[in-house]
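Trainee: First to last, the protein sequences are chains D and H.
Here the first sequence stands for residues 1 to 112, numbered as in the numbering used here.
Here the second sequence stands for residues 1001 to 1115, numbered as in the numbering used here.
Since the hints were derived computationally from the structure, they do not count as laboratory data.
A hint or two may mislead.
[As the list claims (entries may be wrong)] The calculated lysine-lysine pairs, modelled on DSS-like cross-linking and capped at a C-alpha distance of 25 Å, are:
| # | chain 1 | residue 1 | chain 2 | residue 2 |
| --- | --- | --- | --- | --- |
| 1 | D | Lys111 | H | Lys1013 |
| 2 | D | Lys68 | D | Lys111 |
| 3 | D | Lys42 | D | Lys56 |
| 4 | D | Lys56 | D | Lys71 |
| 5 | D | Lys42 | H | Lys1026 |
All values reported here derive from a predicted model rather than from experimental measurement.
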Amino acid sequence: GESVGLHLPTLSVQEGDNSIINCAYSNSASDYFIWYKQESGKGPQFIIDIRSNMDKRQGQRVTVLLNKTVKHLSLQIAATQPGDSAVYFCAETYNQGGKLIFGQGTELSVKP
Amino acid sequence: DAGVTQSPTHLIKTRGQQVTLRCSPKSGHDTVSWYQQALGQGPQFIFQYYEEEERQRGNFPDRFSGHQFPNYSSELNVNALLLGDSALYLCASSSGRAGRDQPQHFGDGTRLSIL
């Protein structure tokens, strides 16, 4: 099914620690995945993407891992900072740039 | 390099009224998608426009309609507003000409409240 859910999972980490945010995606035909960060009062901001022919991709302080066998995606944030506090969404698509299906979202809280 | 811009930022309407929301895509982008985001949930896809045509549509009633102009900007129209239409409406743009698997970039949305 598509994203539903009224209660966001939360993750609380200490500043400087590494964060891991997990996402289970819904469609085995999905072949492109994106992580977004959404701060309060703003729209989703692109963080990193990965295609289904890859299992890992690294950006600046972020790494995305894709496990197609179990339909699982994770976002790792190194040396988490207070500015990383936000809601993080994974999104999947299977039709070449069309409809994005969003996951439930995880609220990351970074304690100084 | 301007990102995706949406107007207005906030809007208050009453049930039964009609509303038009506007979106200008990021420079160089030609594809516009609209999403509805209820409080505490992920965005839900409404429809996508490319070359002034609706290319794909999500599970939204015909009260939701849109348009794309030759300069790639877009409008979302909602008729006969219901209380349940209260949400954040997000516009996202991407480049269809750049090939497949291009990320969609979002604006900050229009917060629509129905009284």
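Trainee: Determine for every hint whether it applies to the structure shown.
Mentor: Structure-based check of each hint:
{"no.": "1", "hint": "D:Lys111 x H:Lys1013", "verdict": "violated, 39 Å"}
{"no.": "2", "hint": "D:Lys68 x D:Lys111", "verdict": "violated, 33 Å"}
{"no.": "3", "hint": "D:Lys42 x D:Lys56", "verdict": "violated, 28 Å"}
{"no.": "4", "hint": "D:Lys56 x D:Lys71", "verdict": "holds, 14 Å"}
{"no.": "5", "hint": "D:Lys42 x H:Lys1026", "verdict": "holds, 16 Å"}
The structure is inconsistent with the numbered hints 1, 2, 3, although it conforms to all the rest.
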